[in-house]
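Assemble the complex: chain F is given as a structure, and chains H and C must be docked to it using the hints.
Protein chains in written order, with my numbering: chain F, 1 to 94; chain H, 1001 to 1981; chain C, 2001 to 2188.
Below, computed lysine-lysine pairings styled on DSS-like, alpha-carbon distance capped at 25 Å:
#  : chain 1 : residue 1 : chain 2 : residue 2
1  : H       : K1901     : H       : K1914
2  : H       : K1270     : H       : K1590
3  : C       : K2007     : H       : K1761
4  : F       : K94       : H       : K1867
5  : H       : K1641     : H       : K1622
6  : F       : K94       : H       : K1866
7  : C       : K2138     : H       : K1164
8  : H       : K1599     : C       : K2007
9  : C       : K2138     : H       : K1475
10 : H       : K1908     : H       : K1892
11 : H       : K1164     : H       : K1270
Please keep in mind that the hints were generated in silico from the structure rather than gathered at the bench. No experiment lies behind these values; they were computed from the predicted model shown.
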Amino acid sequence: MIIHHPILGPRDAQEFVYLGDASLIGRPDGMTASIEEFHNYTYLRDNPAGAHRELWYHEQGDRSWLVVTRNTVTHEILQVELARDVARAEGRSK
Amino acid sequence: MSQSNRIAGGLIDRSQTLRFHFDGLPYTGHPGDTLASALLANGVRLMGRSFKYHRPRGPISAGSEEPNALVELRSGARQEPNTRATVAELFDGLTAQSQNRWPSLKFDALAINDRFNSFLTAGFYYKTFMWPAAFWEKVYEPIIRRAAGLGSLTRLEDPDTYDKGFLHCDILIIGAGPAGLSAALTAGRSGARVILADEDFRMGGRLNAETFALGDQSGAAWADAAVAELASLPNVRLMARTTVVGAFDHGIYGAVERVSDHLIEPAVGKPRQTFWRIYTQRAILTGGATERPIAFENNDRPGIMLAGSLRAYANRWGVAVGDRTAIFTNNDDGLRTALDLQAKGVDVVAVIDSREGGDLLPGIRHLRGAEVIDSAGRLGLSSITVRQANGATEVIKANALGVSGGWNPNVNITSHHRSRPVWRDDIAAFVPGSGEIANLSVAGAAAGTLSTHGALVTGDASARAALQSLGLTVKAVNLPKAEDAPVRITPMWYVKGANRAWIDPQNDVTVKDIKLAHQENFTSVEHLKRYTTLGMATDQGKTGNVLGLAVMAGLTGKTIPDTGTTIYRPPYTPVALGTLGGRGRGQEFKPFRLTPSHKWAQEQGAVFVEVGYWLRTQWVPKSGETEWRQSVDREVLATRKSVGICDVTTLGKIDIQGTDAGAFLDKVYANTFSSLGVGKCRYGLMLREDGMVFDDGTTARMGQNEYVMTTTTANAVTVFRHLEFCRQVLWPDMDVQLISTTEAWAQFSVAGPNARQLLQKVVDQDISDAAFPYMGAGNITVGGLRARLFRISFSGELAYEIAVPTRYGDAMIRKLMEAGAEYDAVVYGTEALGVMRIEKGHVAGNELNGTSTALNMGLGKMVSRKKDSIGMLLSQREGMTRDDGLRLVGVKPVNPASELKAGSHFLKTGAVAKAENDDGWITSLVYSPHMGHYIALGYLKDGANRIGEKMRAVNLLAGTDTEIEIVSPHFIDPEGERLRA
Amino acid sequence: MPDFILKPITALGHDAPEVDTVGPWTITERADIALASLALRRGRLGDVQTSAAAAGVPLPPAGASASGAIYSAFWMTPEMWMVEAPYASHEDIRAHLLPAFGDAASITEQTDAWVRFDLAGTGLERLFERLSNFDLAKAPAGAATRTVMEHLGCYLIKRSDTLVTIYGPRSSAQSLHHALIVAAQSVL
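Just chain F, same shape as in the assembly (with noise of 0.2 Å):
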C-alpha cells in the first residue's frame, strides 16, 4: 500500500507501524474519568467494513503519527492527517 504522507508524499505502507482505531486519540483523564470509561476506551473498538480511521506511524520516515483514513474492503485511502494537528482539532492539548 501506498500512504500519502501529508508532508513526505506517497510513501510506503512497510515504512509503518500499524496501531488501530483512532479513537485512541480520545483519551479519557485517569483522575476525573471512571474505570467503566477507561476500559471502553482501552478496549472497545468498532470494526467496519468500510471507512475507518485509523493510526500509522512513520516509524521508518519522519516518525509522524498520522491518521489514515481507509477503506477497509478496498484498502482505498481516503484521506491522511497528521495524528498531532487531529489531536488538536479534537481538544487536546498537554
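Leaving out everything else, chains H and C in the frame of chain F:
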C-alpha cells in the same frame, strides 16, 4: 540422432551449437532454443510422467502455461525440480532429468497406477485413507508422496544468491507482444518513464511465432526494430526474462527477473534471480492469450499439443514435432497452424474441424464436422481415431496432433484484487472484469482483442489514455498494417462420450473426474477445484480451467458464466522461495548490531548471544574452563568480590528535552519524575494503558529541562514509538522533544566493591560517595574526554555506568581493564548479569511478561495515584488489586543440593498436581554461586504473606517435584547497603 | 587528572576510515563529521530562525538538506533537523550550538550515533534500487529522506547526481557496509 526434426527457418542461431544432456543422453541445440524446442528438434517427445497415473507425457505448449513437460533442471545443489522445459532457455552444458518415474522414463514401474485408474479418481485420498487415522502420517502419506509427485529436492543448500530491489515508473507494461510493444513505443516516445517486462528471453510475444507481416516487415523483424528503438530511449527500461507475478495495492507490482537462469551458473557476485517491487502510476496488461485444448479420449500422449504451440515450434524454433501432423480445431486459428506447417513443408495429413460446413482449406484434407475420438501410441502418438460427420470412424497415422479449442485471454493479474472475469460469447472466453485494480488497463489479446491489428491499436490507445491521465503530451505513432482476422469459433469443449479425456494433465484430472464431482454434488467451482485438484500446482490451470468449467456447465445445464470461475491469485507463475527471501539468508538474514566493546570481546574469545539484532557478550571463557557455568560463576563471584565490567550500550537511551519534559515523564511513568533533582537518577516503571507493566529503566535528570531515559534492550524501539504517540497524539501541546541516543554513547557498567577505586583511576573528577552519591548522575570527563556517569546498580553491588562517545568505546573497555588489573577486574556477560539481577531480586524480561502488574512485581507502591499516567487507572481494577493475587517471591530448594527446573509450578505440600491447585510458577531460575545453590524468582498467589512457607516446585514435563522454601526475592543485601557504600 | 588519551576507532572498527571502489563507485566511510539534532522548543520558531541565521545553520524544509559555510543540515521530522559540521573543529558540536540557540531549541549530540558512507560515481540510482524504495533518479539534488536499507533505518541525502550520503545506525556499520558493497557488485 542429430536434430532430426529441425526444419528451415526460425529465430535460432544455427552458427553456434549448444550441447546438453537429458536423462544422461547427449543432444545438441542452438542459442534461441528452449529445452523443449531442442528436445523436440532431436525427436524427443517423451519428457515426463504424469502426477497420478504415471502416463507418458510430452510438452503441450511452448510457454509458461506448460502443465506436462516438467523436469529437474541442472544437477547437484543447483538442481531445480518442476522446471518447465518450455521456458528453460538452452545453454551449453545444460543437464536435465525427467521426474516422477522409476526406474526410467520409458519404463516406469508405477505406470501400473494407470491400470487402477478407476480407484484413483477425484476424492480418492479422502475416501481411501480415512482409517485408521494413525496410519496417515506413517504409512499412507509416505507411500502416496513417493508414488504421486513431481520432482525431488536435492536437500543441498542452494549455492546461488538472490536479490531484491525497488523500481519506479510512470507506466508499467506487462508483456512485450504486439500490444505491449505498441504501448511501449507510444509511451516511450512521449517521454514517460516506462518499464516493459516480458517473461520470455526474446521480446515480441506471438510475433516471433507467426508468419504474417507487419507493414513490409515480418512480425519478428518489426518486434526487433521496436525493441531496438525502445532500448535507445533513456526513459524506457526493458526487462526481458522478467515475469510480473502479482498486482498489489496502490500500483505496486511484484516481478521476478531471471538474471542468470540462462547461464550455466551466475557470474561472480551476481544474483540468480531478482525480485522487484515496482511502484507504478499506471500499468497496462498486455499479457496475451493462452490456447486451450479440446478433451478427447487419451488426449494426453506425447506429440499431442496445442495447435498454436505446434506452429510456434515450427516458426520460431524451426522444429517439426512430427513428420505426419494432424490438426483438431473448433476455430479458424487451428487452420492457420495447418497452413503454416504446410508452407514449411510439413506433411499435414488431416485437419479435423468440429465445425460443420464452410470453406475447405486448399490442398489439405480438411474434414468438417469431424472429431478426434481416440489416440494410440505407447510412448508417444502414432495414430488418431477420427469420427467423421457421417459417423464413420477412421484411424489416421499421425505422430503430431495440434489441438485448438480457442484462446483464453490471460486475465490472471486482473483478478488479483478479486475482480472476476466476464464471459464473452463471441470469442468463447473470459475477458477481464471491469477494473478493480486502479490504474490498470488491459490491451490486446489479454483484453480479448485477438488480432494483431487489434493488439497494436489497443496497445497504443491504452498508452495514450495513460499518458493523458498523467498529464503527459502524446506523440503520434504510425502503426503498421497487420492481420486483422476475426475470431471464428464454434465452442466445443470435449468429445461426447469421452471419459479418460484429460482436462488438467498436470493433476491428472479427466472428464470422468468432473463427472464424478458433479455426481457427488461438488458442483460449485470452488468445490470442484478442491475436490478434483483441477487448476492446482505449477500451471494453476492456465490451459485446463476454462475447459473444466465448461464440462461442469454442460453437466449442470448452466451457462459457463453462470457456473462461474475461480479467481487467479498471485503469483502468475511459480516463484522460488529463495527469490522472495532475497539476500536475507544465513548470516545475512538480518543485520547485526555490534556493541562498542565487540572488537575487544572478540579478541578475548567471548561467546556472543543474539539479542534482537544485537550481539552481546554472553560470557568470556578463560583457559581451562570447559563448561559455561564455570565462566559465569567466576564472573559473578569476581564481580561480587572485587569488580566486574559489562557493556550495557544496548539498553535504549532516549534524550528527552523541553520545558514540559518532567511533566511528560510523569504521564508516561507510573511514578514521578518532575520532582527528581538535577544530577539524579530514578528507577522508572512504565505501564501500558491496560495497567500491565510495559517497561522499566533508570531515567536521569541532566538539566532543568533535560532527561535521559533508559529502556530495556528489547523494548527500545517500542518505548520510543509509545513516547512519540504520547507526545504527538495524547498531549500534542507539551513542549517535549525526543531523540534516541542509544548508539551515540558507549556505556559500561562497573560493579563491585572496588568499582569506585577503579573508576577513580580513569575519571577526572572526584567520585567519592560524598561527591557522587548513590543515584547520582552527571557529566564528567575521562582523560579530558566528555563522558557521563550514573551511579546505578542492577547487580546489587556498588556500581556505576559510565558512557563515552561511541568511537571511544573500544579504547574505554581496554582502559577500564587496564585500570582494573590490580583489582582482578573481570568482564561479565549477559549470563552473569542475569544471575546477579536474580540474586538481587530485580525483575527483567521473564517477569515483565506483558501480563504482570506493578503489584505482582512487588512494586505496587510505585504507581502514583496523585497524578494521571498511562495505565494508572486500569491498574487499579478490582481483579488486578486482589490482596491474594500473584506476588514476586524468591525460591530456594530446601535441600541445597536439589536442582530446580525452569517452568516449575508451585504447589502446597500434599496437593495433587493439577491446575486448580496451581499456586504460581517460577519465572527466572539460576544457580547462584554466591548462595551456593539454585535460586529462583516466581509469581506466587498471596506471595507476600507466604515468606517462609515450605512448598513444592513441580514440573510435570521434566518429572521433577522438589521441596522449596518461599523467601524474599532479595537474596543478597536486602537492605541495599552495598549500593550505598 | 589521569594522564591518558583514549584513541577512537571508526564505526567499521579501524583506525582510519575505509574506502572501497566497486566498479564506477567509491564508497567512503566518513568519520570527520560531527552531528547534533536540533529541535524547536514549542513556539520558538522565530527565535530559532533568527539564531540559526546568525550562526549560519541552515534549516531546510521537509525532505531536503542544505549547506552553509560551516554547518549543513537536513530535515528529520517536523520541527527537527540534523546539523552537520566538521569534526576537527566541532568535535563537541553541542557545545558550539548551545550558546547560539539558548533555550529556544533542544540540541542533542548525535555524532557517534551514526555511521556515514559517501557514495560517489555515476549511475548511483542503479545501486540504490537494490537497497531502498526511495526514487533516487527522480529526486532533486539536495533531497534528504529517511529510508530502510536491508532492515536498517538510514538517512539518505542526494548531494548531487554523483554523490549520495548515507547515515546508518553506527552499531550496524558492518552490516550496512556489506549491503552497499554487495548491492554494487550485483549491479555491475
